[in-house]
Amino acid sequence: MNCLAVREHLAELAVGVLPEEERPAVERHLRWCAGCRKEASELDQAAATFALALAPAPVPSGLGDRVVARIRQAAGAPGSRRRLRTAAAAVVAAMVAVAGLGWGAVMAGRAERFADRAAQAERRREAALEQFRKVLVGLPLGTQLPEDDTHLGQLAPTAAGRVGGGAVLELVSATRIDFVIVIVNGLPRGPGRLPYRIELRNGTGDVIRAGEIATLDADGGGQAFRQFQNRSLAGFSTVLVRDAAGRVVLRGVVGRAEGA
Amino acid sequence: MEGLLAGNEDAVRALYARFARPVYTLGIRLLGSAEAAEELTQDVFLTAWRKAARFDAARGRLSTWLMTIAHNLAVDRLRRETGVSRPTLVLVDEVPEVAAQGEEDPLIERDAAVRALQSLSEAERRLLARAYFGGLTAREIAEADGVPLGTVKTRLRTALIKVRRANQEKERL
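Respectively, the protein sequence lines represent chains F and D. Here the first sequence is numbered in the working numbering, starting from 5 and rising by one per residue. Here the second sequence is numbered in the working numbering, starting from 10 and rising by one per residue.
Read the hints as simulated data drawn from the structure, not as lab findings. Cβ coordinates follow ideal geometry from the N, Cα and C atoms, glycine included. It cannot be assumed that every hint is accurate.
Claimed, not checked - With a straight-line Cα cutoff of 30 Å, these simulated DSS-like cross-link-like pairs (lysine-lysine) come out:
hint, chain 1, residue 1, chain 2, residue 2
1, D, Lys162, F, Lys42
2, D, Lys171, F, Lys42
3, F, Lys42, D, Lys60
What the hints assert, rightly or not - So these bits of chain F aren't anywhere near chain D, every CB distance computed over 12 Å:
hint, residue
4, Ala163
5, Arg201
6, Gly215
7, Arg235
8, Val252
Put together the whole structure using the sequences plus the hints.
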């Protein structure tokens with residue numbers, strides 16, 4: 005099926021009524037054709053506009069708790085025997101966590117109108133997701149990470165920092181080269197701030213310098229990635245982000261990305 | 010794991026707070042019952058959590074992504090459940106022409122969506138509603154209205170492109 009033929013079907017695909025027998029060929033084409041994929045995505049947005057315009061129905065109370073419970077169960081929360089099967093799933097969870105931090109930071113503000121805050125939150129969230137995606141694509145490691153070796157944590161502002169947030173992923177492996185990825189969001193870019201330095205600490209006070217974030221985007225987002233050829237990150241579960249003046253602005257602790 | 014879960018929960022709750030209403034509303038309209046809409050809402054957020062890595066901010070908005078998941082899941086469910094009648098066709102009147110005044114609706118998406126739909130004629134809105142909410146295929150619409158299939162396809166596409174253009178113009182403002 006060529007682009008011309010595919011585009012004749014995209015409107016029906018967007019509104020969900022493309023007949024079953026025609027769908028596989030169209031979807032196959034979309035997997036490799038970026039131009040038609042863009043067109044399809046824009047028509048999807050137009051179709052979704054219809055759903056978003058509906059007069060909202062009242063949502064049953066407690067549904068949010070039930071949604072969280074379903075996801076907890078799927079993630080292998082304490083109380084469930086199921087666990088995150090792969091570190092890839094853990095990475096996804098971290099991405100969602102990053103998205104949440106962006107929102108949380110913005111929702112906490114009071115000065116702006118809700119609509120402005122929501123729009124700003126979406127921009128921050130999208131920027132954070134985009135950064136994580138770029139870092140992951142750039143990793144020289146392939147996509148499969150051993151679940152037992154992957155440690156995840158969130159970075160929260162300290163008294164000195166007060167703003168921003170982030171997420172950390174450490175690979176601590178007996179058979180692979182250890183690495184750490186740090187993603188931050190909402191950090192100030194003013195004088196004396198950049199570069200931000202990443203520090204890992206263990207329980208006995210040893211310190212590993214784990215790279216720095218030299219630039220931030222317009223939303224205060226940035227990332228650092230460092231591999232450790234000759235040393236293990238085992239036990240270095242405390243993660244600090246310091247500004248150029250040495251103040252700890254973000255802090256977090258990583259833990260295993262499994263259900264234990 | 011505790012911290013990760015706590016983080017997840019915050020993220021899921023934030024996502025839920027923002028999008029539960031349009032997702033649940035779509036479920037009611039397409040599936041016709043509160044129970045089915047609730048199940049759909051749970052499925053949508055679970056799917057979004059599982060597929061978070063596939064969401065590409067460069068290629069579309071989060072609201073579009075979630076509503077597309079919701080619509081696909083609802084349509085799949087209707088197709089699976091043989092013997093269940095088609096979803097009730099949503100009357101064009103139910104798609105509001107102007108935003109309700111003074112309504113305390115935090116969903117900026119809704120205001121924007123209502124404005125974008127104003128670019129359509131009533132016939133175009135009705136056509137899109139029959140497909141999107143009513144599940145009628147282009148062929149079924151063509152047969153019902155006695156017009157050529159190609160004409161229905163062209164009209165569907167034209168209507169969507171109008172909405173797309175309205176969305177794009179809104180984003181440029």
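Each hint, compared with the structure:
With a C-alpha separation of about 19 Å, the suggested pair Lys162/D and Lys42/F falls inside the 30 Å cut-off, and the hint holds. Taking the CA atoms of Lys171/D and Lys42/F, the gap is about 16 Å. The hint holds against a cut of 30 Å. A hinted pair counts as satisfied when its Cα atoms are at most 30 Å apart, and Lys42/F with Lys60/D qualifies at roughly 19 Å. The claim that Ala163/F lies off the interface holds: its Cβ sits roughly 19 Å from the closest Cβ of chain D, which is beyond the 12 Å cut-off.
Every CB of chain D lies more than 12 Å from the CB of Arg201/F, the least distance being 22 Å, so the non-interface label holds. Separation of Gly215/F from chain D is adequate, the least Cβ-Cβ distance of about 22 Å exceeding the 12 Å criterion. Taking the minimum C-beta to C-beta distance to chain D, about 25 Å, the non-interface status of Arg235/F holds against the 12 Å cut. Its beta-carbon lying about 18 Å from the closest one in chain D, Val252/F satisfies the requirement of being farther than 12 Å from that chain.
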